[in-house]
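Chain residues, written in single-letter form:
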Amino acid sequence: MPTPIRLRDLIRQIRAARTAADERAVVQKQCAYIRTTFREEDNTFRCRNVAKLLYIHMLGYPAHFGQLECLKLIASPRFTDKRIGYLGAMLLLDERTDVHLLITNSLKNDMNHQTQFVVGLSLCTLGSICSPEMSRDLAGEVEKLLKSSNAYIKKKAALCACHIIRKVPELMEIFIPATRSLLTEKNHGVLMTAVVLITIMCELSPDTLAHFKKLVPNLVRILKNLIMAGYSPEHDVSGVSDPFLQVKILRLLRILGRHDSEASESMNDILAQVATNTETSKNVGNAILYETVLTIMDIKSESGLRVLAVNILGRFLLNTDKNIRYVALNTLLRTVHADTQAVQRHRSTIVECLKDPDVSIRRRAMELCFVLINGSNVRTMMKEFIVFLEKAEPEFKPACASKMFYAAEKHSPSRRWHLDTMMKVLTTAGNYVQSDVVANLVHLISSATDLHAYMVKQLFKAINQDISQQPLVQVTLTWIEQPSCRDSANSGVDL
Amino acid sequence: MIKAILVFNNHGKPRLIKFFQYYSEETQQNIIRETFQLVSKRDDSVCNFLEGGSLIGGSDFKLIYRHYATLYFVFCVDSSESELGILDLIQVFVETLDKCFENVCELDLIFHVDKVQYILSEIVMGGMVLETNMNEIVTQIEAQNKLEKQEAGISAAPSRAVSAVKNMNLPQQIKDIKLPDLPSIRNLQF
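First to last, the protein sequences are chains A and B.
For the first sequence, our numbering begins at 163 and goes up steadily by one.
For the second sequence, our numbering begins at 247 and goes up steadily by one.
These are calculated hints, taken from the structure and not from any lab test.
Some hints here could point you the wrong way.
Claimed, not checked - SDA-like, lysine to any residue: derived pairs with alpha carbons at most 20 Å apart:
hint, chain 1, residue 1, chain 2, residue 2
1, B, 287, A, 565
2, A, 444, B, 291
3, B, 264, A, 389
4, A, 619, A, 578
5, B, 395, A, 585
6, A, 348, B, 256
7, B, 287, A, 636
8, A, 553, A, 578
9, A, 565, A, 548
10, A, 444, B, 264
11, A, 484, B, 336
12, A, 517, B, 365
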């Protein structure tokens, strides 16, 4: 049996294949070699073969015959073997196979290993592929590691605990005592994973949420230190100190302050501070501001703070970066019902977004504008919408037309304006108008008896111009059939 | 939570795939294909967020991607992650790769996919962000690489030994031995 080729030679061979059939041939040949080597139980080259197998797996070929080999690698005492073995386990195994149960013992042993990296590998793997049974077996070990003095291990243990709790929520109680002390750590990695762990606990269980409300002052203090600390080179990203940690803390504050006025009260100051002090020239500052705005809108904040939040969103809308605009529109959409007045102030900017080149931004702007229509601005808004409808993609037209109809019905200042607008919508949207709009429109026209003569002229003119528009023709014909139309005809209207 | 991390090139060939939720191999490849189709259509001037496709998506998922030269880095996340935060995270990941590989390019990712996976596991674990400090990540990776190298030594590279022996051309080497010149008998003085 010749020496198995190295991973990079395999990659070269596969890349040299000109067609998909060639590639398949190379892969099959190599898989056959690998299978033979596995059968020979050769320890020396196992790790190289598994690495090749993982590469083949990434390209889409089946690799399940390598699962047992990964287990053997994990059980080996060498770090190199364990590394590739655990990687293989994460990529090839899942809780549906029976094989994964066999690694529980190895995981337990490796969690007590002296080398921190081996402990790290086992925690990482447990966090990725744990099943409820494995979680129950190993939760105790993970909890012990949570109290270790090594920051590298602590942060991995915290995230592993997150997964265990997600799989088996009853195990949450084991981790609660250790979690509180995690917040006093100086290491930012540990802090961040601790905040994430607490966030997940609070999301899963309202009792734990109540228990952790006491932590709000601690969180506020940590956040304050981050902002006021000045320049700290190890955590600095573009001039902002550890934005990832700030964002996670803001998210946790949001969950703790929701529906709770007392907790929200204690957060008001720090939120105002973050909102006014953060540097907005780079994406990092904007990410923090975005999270702050979401938090302000969700908790029971005071009205001044809410206005500040909406103003920040308004500023975002004017930002040249399209991601920021998207995010601002998204947030406004979520919060507009709570604070319609404040959002109205930015209506003109939002209307401008209807003309943005990016389709996702246009869609959100459209939805937001519909919510903002009211009696006083309906005429101008409808004008904008007709322009929008003309240039819109086909996927937008049906929804837009229907929504325009309902908006017009709710807020129209006069019948005649209403009918005019609906005519424009019909002719602009053409065949995309939906049937419920057609039915409603017929009903509307029939009831507007004084305008029948006018309507007849309009419909006739429109059909003359373009008879291919089915909804338009439908409306006309259905209406002509109606008794009310015949009555008008009998009473002397010139049809 | 991050549901999946995909890196593929401008032609849709996968360079790194990591799923944090179980999907069969066929589904995984379909997801990669679908994501590539969605992402490659996007112009560079539109925003970097997309509603997820039908296979991996659902209402709670979005794709957040960044396009660097020939590679697309796509993170598929649910609503608990901040979109702008994930953009920064992709930046951290790429900068870390750059530091570990010295001016990283697509070839590095092709030939060292296992090393890239190890770097990724120091940043994202089980779908959640583990560490964002670049220096910390690089330090840990270098320590682990050193550990591997220490173990390697001679014993773990039997192939090198075997191929060294095979390449030794003994007859030729014997011919090539330069023996020192013997002093000629004529010059010997008794």
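Here is how each hint holds up against the structure:
Distance restraint check for residue 287/B and residue 565/A: the Cα-Cα separation of roughly 29 Å exceeds the 20 Å cut-off, and the hinted pair is therefore not satisfied. The straight-line distance between the Cα atoms of residue 444/A and residue 291/B is roughly 18 Å, inside the 20 Å bound, and the hint therefore holds. Of the pairs offered as hints, the one joining residue 264/B and residue 389/A is violated, with about 34 Å between alpha carbons and a cut-off of 20 Å exceeded. For the hint linking residue 619/A to residue 578/A, the alpha-carbon distance of about 13 Å falls within 20 Å, and the restraint holds.
Taking the CA atoms of residue 395/B and residue 585/A, the gap is about 77 Å. The hint is violated against a cut of 20 Å. Of the pairs offered as hints, the one joining residue 348/A and residue 256/B is violated, with about 42 Å between alpha carbons and a cut-off of 20 Å exceeded. Taken as a hint, the residue 287/B and residue 636/A pair is broken in the structure, with Cα atoms around 37 Å apart against an allowance of 20 Å. Annotation: proposed proximity of residue 553/A to residue 578/A is violated, straight-line Cα distance about 25 Å (limit 20 Å).
A hinted pair counts as satisfied when its Cα atoms are at most 20 Å apart, and residue 565/A with residue 548/A qualifies at roughly 12 Å. A C-alpha spacing of about 29 Å is found between residue 444/A and residue 264/B, which places the hinted pair above 20 Å, so the restraint is violated. Proximity of residue 484/A to residue 336/B is assessed by CA-CA distance (about 17 Å); at most 20 Å being required, the pair is judged to hold. Note on residue 517/A and residue 365/B: the hinted pairing is violated, with a Cα-Cα distance of about 42 Å set against a maximum of 20 Å.
When held up to the earlier numbered hints, the structure conflicts with 1, 3, 5, 6, 7, 8, 10, 12 and fits the remainder.
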